[in-house]
Amino acid sequence: MGKAELPLHAPGTKVDRGYIGQSVPRPNAKRLLQGRGTYVDDLKLPRLAHVVFYRSPHAHAKIKRLEFSAALKLTGVIGVFSGKDVAEYCTPWVGVLAHLKGIKSPPQHAVAIDRACWQGEAVAAVVAETRARAEDALALIEVEWEELPAVIDMEDSLAGKKIIHNEFSDNICFRREHDTGGVDEAFAAADVVVEETFDFGRHTGVCLEMRSILADYNAAEHSLTVYHSTQAPHMMQDIFSRHLGIPEASVRVIARDVGGSFGIKVHVYPDEMATAALSVMLRRPVKFVADRLESFATDIHAREHKAKVRLACTKAGEILAFDLDDLTGIGPYSVYPRTSGIEGNQVVNLTGGPYKHQKYRAKLNVVFTNKNVTCQYRAVGHPIAVALTEGIVDKAAAKIGMDPAEFRRKNLIPDDAYPYTFPSGVKFEKLSHHKCLDLLLEKMQYEQIRLEQIQLRKKGIYRGIGLAAMIEVTNPSPAFYGVGGARISAQDGATLRLEPTGMVTVMCSVTEQGQGTEGIFAQIAASAVGVSLEKIKVITGDTGVTPYGGGTWASRGAGIGGEAVLLSGRALRANILEIASKILNVDKDTLDIESNTVVSKLTQEKKLLLEELGRVAYFRPDTLPMDFQAELTVTRHYTPRQYGFTFTNGIQASLVEVDTDTGFVKLLKHWCVEDSGTVINPMLVDEQLRGGVVQGIGAALFEECLYSPEGQLLNGNMADYLVPMSGEMPDIICAHVETPTMQSQLGAKGVGEAGTAGAPGAVMNAINDALAPLNARVTAMPFTPERILKALGRV
Amino acid sequence: MKAPAFAYAKPSSLAAAFDLLANPDAKALAGGQSLIPSLNMRLSSPELLVDITGLPGLAEIKVLDDVVRIGALVTHARLEQSPEIKKHVPLLAQAVPHVAHAAIRNRGTIGGSLALADPAAEYPACAVALDAVFIIKNKTAERRVKAEQFFKGLFETDLKPGELLIAVEFPIAAKSDRAVFLELTRRHGDYAIIGLAMHNERFVFLGAGDRPKLFLFQKDLQKAKEGLKAGLNPPADLYNSSATKRHLAGVLLERAWNTNTTSR
Amino acid sequence: MEHEYDITLTVNGTAVSRRVPARQHLVDFLRDELELTGSHAGCEHGVCGACTLRVNGEIVRGCLMLAVQANGCRVDTIEGLSDSKELAALQKAFYERNALQCGFCTPGMLLAAQDLILKSNRPTREEIRNHISGNYCRCTGYEAIVDSIEEVVNGKS
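Residue numbers (the numbering used here), protein chains in the order written: chain A, 626 to 1420; chain B, 61 to 324; chain C, 3 to 159.
With the rest of the complex left out, here is chain A (with noise of 0.2 Å):
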């Protein structure tokens, strides 16, 4: 039997893998190691403008006078143009959702017109010949301003005296409850109740590539080509086409190599949106990219929460119940089209998630301020449901005087209690908790590094070991965007096309931004063909190219696209078969393909390069049967229905030694076991988990947007945002289980975000852990070294 007739998961697969399971490098890497990549600012077209934005330098003001005049001397620039102007030739959005109910935010246009609610929202464009001089002209720009009352706490927000949209009556732009019932009852009849606020900094993704596009708009054909670092080509299709008002098919979107994305790059942005307009309105290209100042100022912001929770247990340690408070501030506007209510709905979804306790009380409030924008960023809250939630476990552990990993252990969802609906109404096809905590223990020598921090707490060093367990939202259903009725795809396609030579190109509507997804389409392709892996060419990126698609997010792209990928495959691989049984003439059932050459199934001898093949097929059709046709383009697509999302599971430790004196933390190690099922490369699994994890120590220990209390950002730089460098970063361990699902085929799931989900709970256990013994404690990320000494009554 051949590798495609089976699903990959299935009994007795193992020799039939071929490429899924081995770490083979991406052969896309090559291009960039030599600089021979092509990100979006590397591109030029004859006639190319340049556009910059004249930015709000208050958090909320309202646009009295505009004055370009002196602006527009200046040799170089082509136009400057008010929000009005803009206006013309863009519609604005409103980023709600069907499904988030009562969620509200007023019209977004791409340039502010009348008021900016945010500093650094754009209020004016000016496009030149280079950038430079487009800066130039930025200084000469004038504008009358009249200060609004800016509300920037988000609890201020909450209470509502200030009001920040006229047209609403409060702050509140979502909000959600849920309720099992029982919970007062749990908690009055508990043994233990444990209580804590937790704070979130609000971070942002600092992709080293800043946000880019390049818009070509062909008046002739009033066609609009745009070369964008987007995650979701389709998705911004649509939009460009229903926003600028050209048929969509006339829109095409391309995204080359991408230089970092992380969910920074699957949102529409104002600016984005007016150079594309300002391309149709000048009839020729049009470049923006954000400088890093922009960046800060502009890419949207993510977390910034404070939550309260309370967890009931028993004296013997088991857990009964959950009551969370959730209070998250999202920025003047919900972002379009995914809207900002989703991290904190997450919150919801996710609290408490790992453990078997029944009762559960969520509270959740999304209030506007005038600040950034905040919307989904990489693990969308993830980390804060993960670190809330493992936090008070350890709290509750302590006060029963329970050892944290056997606390776990006495709560976690057994392996065997699959399918399994959570308190908060998700549901869990199958994880594998248990599994996960007994390989981590055994990884870290729990014991023995417990022991070790007894004794070297009496020589004064303070070690502390963090556990952290999580689930994850991977590939995602349309019950997460297209049922509120957004146009984002839910489903992945794949077209594999057998060329002459034997080669096989890809092309799928999942996009690639260094995860390695064109890698390992290519190990599935050649896999599922029966090719060896030189001989695949992987394409995406290219809505004139590819199937229609989702793209890259929600760790969607190997679990949706790769399944896609594997059924056109295996489709491409029965249709080789068909014309092969004619060439040969005999029966198809009789054949396989095997290293680049169909054989005889019994025999494994060899009976027909697909070189040979192919020739004959695309170049001498004439010596087929006069009623065949050959098709060796085969499309198959894949959208995962059964469950609303496909839920990993994992546990990740972390270890660190606190300075007393100063208040630093030195990160020793770090561990990650991660159930992503059907893993297709080991090497890029773990190296999404590294990177993932040192994003969530970002969070911990570094990032953090600091606003002032007018609302000025005050450390939007590379230099006093602290992003996690070489230096500091712990190695990491990681280790897998692997439960594939049974949706599809492939078993995968998703990966991309679990080390950011998990990491900031692990850190913050373990400094508390190292605190524990000072009766010291820190709640509020990032743990700086002031919060840490303040903890510890040193200032």
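Be aware that a few hints might be false.
[Claimed, not checked] For each label pair, taking beta carbons as the anchor points, the in silico distance ranges come out as:
#	chain 1	residue 1	chain 2	residue 2	range
1	C	Thr126	A	Asp950	27 to 35 Å
2	A	Asp1247	C	Gly157	54 to 62 Å
3	A	Glu873	C	Gly157	51 to 59 Å
4	A	Leu1331	B	Lys220	36 to 44 Å
5	C	Asn58	A	Arg1075	53 to 61 Å
6	A	Glu1335	B	Lys220	32 to 40 Å
Since the hints were derived computationally from the structure, they do not count as laboratory data. Cβ coordinates follow ideal geometry from the N, Cα and C atoms, glycine included.
Based on these hints, arrange chains B and C on the given structure of chain A.
For chains B and C alone, kept in the frame of chain A given last:
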């Protein structure tokens, strides 16, 4: 962001440089590792940049009788690799690796760093700790200024319009001298939250005020700590209050005190 | 007013002459004028390291050096050092260990890494981490990069 437009000149003699610098809107460009970022962020808009890196004789490290004379254009990387600095100015040798990162140390100069007078930088504190002497020239004259008198305030020095810092003289360390350089940074190569350049009884804190803060402490650690508490009032930064920085300064003081590092 | 100056320099072994605005930094010059787009501008304030280049044999931040300052200099970029095969061992190690994801930091990272390899004798893992600590990578978490450099260092005779 792109820098605003400016003119550029690279004189090959001091006399020519002084003529160019007579323009009040001219700025001297040495390694450019602080000036160019400020230009790129349009925080500074000089009419003319006078690139002084072509001036002869300013990039030498000379060991004289009792001082080491370091030309203003000597880069951090040269200092880092110099056996003379290691031998004769060990405090500076300890400080150099803390200056940013290799690629920046290859361009940035000691003169540029001192003339910028960033109170969070390493060299100003070392210069004060070592009682270094700054050699300053203008078109007609040369004068010598002690480090303590050179630093006047936040990014403010004794340099007058039309003057250039030419060299710095550090005393050659004696065998019995003790030198310790310590700083606390959250990430390797960042500007320090607080730092300490210690030379014998001279304790100079960086990141602790508008200029290097000098304390003279002898023998008694407890008294020194009290003196620090009373005399140090560091400005808060984005992540640290004044109280935190004062506490951390005390930690560094104690650590330096207990470090048995000597100059040899 | 735009002030422009004539410069002549050697880029990847080839002499080039251009007239450049004084305000243009070296990375923009390489990217815009010479169309050597392998060097990336990630912050333009000298922090991220994506623009790391080699000038007269020493690594520099390309955004913190003006093109006019490079007059008479020898400049090496990722393109030239790839073609000369000088970086081949590092590139192979990075490739095999997937020590890059989006690739935007990679040219700068490779130049910083090669600098360490040329100048240091068997650096420790900590020294490797410190040497590349001025080069920001958001994707990898650095471990694979450190592993790759360590591998090349250990393979060095």
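Going through the hints against the structure:
1. C:Thr126 <-> A:Asp950: 27 to 35 Å: 48 Å, violated
2. A:Asp1247 <-> C:Gly157: 54 to 62 Å: Distance hint for aspartate 1247 of chain A, glycine 157 of chain C holds at roughly 56 Å.
3. A:Glu873 <-> C:Gly157: 51 to 59 Å: 53 Å, holds
4. A:Leu1331 <-> B:Lys220: 36 to 44 Å: Distance hint for leucine 1331 of chain A, lysine 220 of chain B holds at roughly 37 Å.
5. C:Asn58 <-> A:Arg1075: 53 to 61 Å: The hint (53 to 61 Å, Cβ to Cβ) holds, given that asparagine 58 of chain C and arginine 1075 of chain A are roughly 54 Å apart.
6. A:Glu1335 <-> B:Lys220: 32 to 40 Å: Holds, at about 37 Å.
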